[in-house]
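S.K.: Please work from the sequences and hints to get the whole structure.
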Amino acid sequence: MEERNAGFWIRFAARFLDGLIFSLPLSIVIYLLTGEDVREGAGRTVVNILNILYAVLLPIFWNGQTIGKRICNIRIRKTSGAPLGIGTMLIRDGLIELLYSYTYGIAVLVSAIMVAARRDKRAIHDFAAGTEVVKDSYLDYDHAVHEGYGQEKNPLT
Numbered sequence: 001m002e003e004r005n006a007g008f009w010i011r012f013a014a015r016f017l018d019g020l021i022f023s024l025p026l027s028i029v030i031y032l033l034t035g036e037d038v039r040e041g042a043g044r045t046v047v048n049i050l051n052i053l054y055a056v057l058l059p060i061f062w063n064g065q066t067i068g069k070r071i072c073n074i075r076i077r078k079t080s081g082a083p084l085g086i087g088t089m090l091i092r093d094g095l096i097e098l099l100y101s102y103t104y105g106i107a108v109l110v111s112a113i114m115v116a117a118r119r120d121k122r123a124i125h126d127f128a129a130g131t132e133v134v135k136d137s138y139l140d141y142d143h144a145v146h147e148g149y150g151q152e153k154n155p156l157t
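Note that the UniProt record's numbering has the sequence shown beginning at 1, numbered continuously upward.
Some hints could be false.
The calculated label-pair distances, taken between Cβ atoms and stated as ranges, are [what the hints assert, rightly or not]: (1) Asn73 <-> Pro25: 20 to 30 Å; (2) Thr34 <-> Asn73: 35 to 45 Å; (3) Asp120 <-> Gly41: 34 to 44 Å; (4) Thr34 <-> Ala117: 39 to 49 Å; (5) Asp37 <-> Asp120: 33 to 43 Å; (6) Arg4 <-> Ile113: 13 to 23 Å; (7) Asp37 <-> Arg15: 20 to 30 Å; (8) Phe12 <-> Leu50: 32 to 42 Å; (9) Ser137 <-> Thr45: 19 to 29 Å; (10) Ala116 <-> Phe61: 24 to 34 Å; (11) Gly35 <-> Ala82: 19 to 29 Å; (12) Leu98 <-> Glu40: 14 to 24 Å; (13) Gly35 <-> Thr79: 36 to 46 Å.
Just so you know, these hints were derived from the structure itself, not from any lab.
All values derive from a computational prediction rather than experimental measurement.
The beta-carbon is built from N, C-alpha and C at its ideal position, and this holds for glycine as well.
M.R.: Following this line, the structure appears as structure tokens:
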């Protein structure tokens with residue numbers, strides 16, 4: 001039986017594609033508009049804020065996917081089956097970034113090992129937010145209805 005949870009390499013590829021498609025062009029545009037070095041100071045702050053907004057908001061309105069996740073055919077979902085909301089995504093991709101930055105990358109390494117080694121493929125940020133990343137092929141119509149996809153909902157709750 002094939003696993004439904006997305007493993008390390010496909011999640012890595014989705015994150016890499018997000019960086020290539022969104023973060024890199026964003027950094028170039030900010031540099032061209034402001035002349036700020038996007039690796040430090042105000043330029044870095046602006047890029048970080050916009051990257052977090054991308055990671056938090058796009059999955060709420062795009063059924064658990066960013067551009068990279070859509071290309072890789074994976075999506076974020078709540079383990080409870082509830083729709084993704086702003087609180088969930090702020091914890092998953094906002095607050096957890098603070099943990100990653102304050103541990104000098106150690107938490108990122110631990111998360112990568114967790115995704116590679118754990119049967120459920122969940123990382124620190126997945127546990128903190130109650131989410132998992134699944135292969136999109138496992139979300140058939142009945143499952144999507146159960147998850148709330150396609151139903152009207154307020155994504156800001």
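S.K.: Just to be sure I understand the hint, the distance between the Cβ atoms of serine 137 and threonine 45 should be within 19 to 29 Å; is that true here?
M.R.: At roughly 39 Å between Cβ atoms, threonine 45 and serine 137 fall outside 19 to 29 Å, so the hint is violated.
S.K.: Okay, leucine 98 versus glutamate 40 on CB: inside 14 to 24 Å?
M.R.: Distance hint for leucine 98, glutamate 40 holds at roughly 18 Å.
S.K.: Please test the hint of 24 to 34 Å on the beta carbon pair from alanine 116 and phenylalanine 61.
M.R.: Check passed, 30 Å falls within 24 to 34 Å.
S.K.: Does the Cβ-Cβ separation between aspartate 37 and aspartate 120 fall within 33 to 43 Å?
M.R.: 40 Å, holds
S.K.: 13 to 23 Å was suggested as the range; check whether the CB atoms of arginine 4 and isoleucine 113 agree with it.
M.R.: 21 Å, holds
S.K.: Between the beta carbons of aspartate 120 and glycine 41, is the distance compatible with 34 to 44 Å?
M.R.: 39 Å, holds
S.K.: Could you see if the CB distance from glycine 35 to threonine 79 stays within 36 to 46 Å?
M.R.: Since the Cβ atoms of glycine 35 and threonine 79 sit about 45 Å apart, the hinted range of 36 to 46 Å holds.
S.K.: Using the beta carbons of aspartate 37 and arginine 15, state whether their distance is inside 20 to 30 Å or not.
M.R.: 23 Å, holds
S.K.: If you check the beta carbons of asparagine 73 and proline 25, does the distance land in 20 to 30 Å?
M.R.: 23 Å, holds
S.K.: For the hint 19 to 29 Å, verify it against the beta carbon of glycine 35 and that of alanine 82.
M.R.: About 44 Å separates the Cβ atoms of glycine 35 and alanine 82, which means 19 to 29 Å is violated.
S.K.: Does 39 to 49 Å hold as the CB distance between threonine 34 and alanine 117, or does it fail?
M.R.: Hint holds: Cβ distance 42 Å, inside 39 to 49 Å.
S.K.: Taking the CB of threonine 34 and the CB of asparagine 73, does the distance hold inside 35 to 45 Å?
M.R.: Given a distance of about 36 Å, which is inside 35 to 45 Å, the answer is holds.
Hint compliance for this structure: hints 8, 9 and 11 are broken, all remaining hints hold.
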